[in-house]
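Participant: Sequence:
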Amino acid sequence: MTKEEINDMTRVAVGDRIRAAAKAVLEQVIEEELADHHPQVGTRGAASRENR
Numbered sequence: 003m004t005k006e007e008i009n010d011m012t013r014v015a016v017g018d019r020i021r022a023a024a025k026a027v028l029e030q031v032i033e034e035e036l037a038d039h040h041p042q043v044g045t046r047g048a049a050s051r052e053n054r
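Going letter by letter, the sequence shown gives residues 3 to 54 in this note's numbering.
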């Protein structure tokens, strides 16, 4: 495996982790907003995120 291949694999892996973290943050914000405006929906959303 060349250094370039390792760099490419690392770049992809880091990008995947960043996307997953950003998605988790956005889901949390949306769940909190839903809970503020629709309390019955907010609790259901939190449970579904934990199951992923």
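Quick caveat, the hints were computed from the structure, so don't treat them as lab data. Heads up, a few of these hints could be off.
Simulated restraints on C-beta separations [stated by the list, open to error]:
| # | residue 1 | residue 2 | range |
| --- | --- | --- | --- |
| 1 | Ala24 | Met3 | 20 to 30 Å |
| 2 | Val31 | Asn9 | 25 to 35 Å |
| 3 | Lys25 | Met3 | 21 to 31 Å |
| 4 | Pro41 | Arg21 | 43 to 53 Å |
| 5 | Ala37 | Thr12 | 31 to 41 Å |
| 6 | Pro41 | Lys5 | 51 to 61 Å |
| 7 | Asp38 | Gly17 | 47 to 57 Å |
| 8 | His40 | Glu7 | 47 to 57 Å |
| 9 | His40 | Ile20 | 24 to 34 Å |
By construction, the Cβ of each residue, glycine as well, lies at the ideal position given by its N, Cα and C atoms.
Participant: Compare the structure with each hint and give your call.
Facilitator: Results of checking the hints against the structure:
no. : hint                      : result
1   : Ala24 / Met3: 20 to 30 Å  : holds (29 Å)
2   : Val31 / Asn9: 25 to 35 Å  : holds (33 Å)
3   : Lys25 / Met3: 21 to 31 Å  : holds (29 Å)
4   : Pro41 / Arg21: 43 to 53 Å : violated (30 Å)
5   : Ala37 / Thr12: 31 to 41 Å : holds (37 Å)
6   : Pro41 / Lys5: 51 to 61 Å  : holds (53 Å)
7   : Asp38 / Gly17: 47 to 57 Å : violated (32 Å)
8   : His40 / Glu7: 47 to 57 Å  : holds (48 Å)
9   : His40 / Ile20: 24 to 34 Å : holds (30 Å)
Hints 4 and 7 from the list above are not met by this structure, while the remaining hints are.
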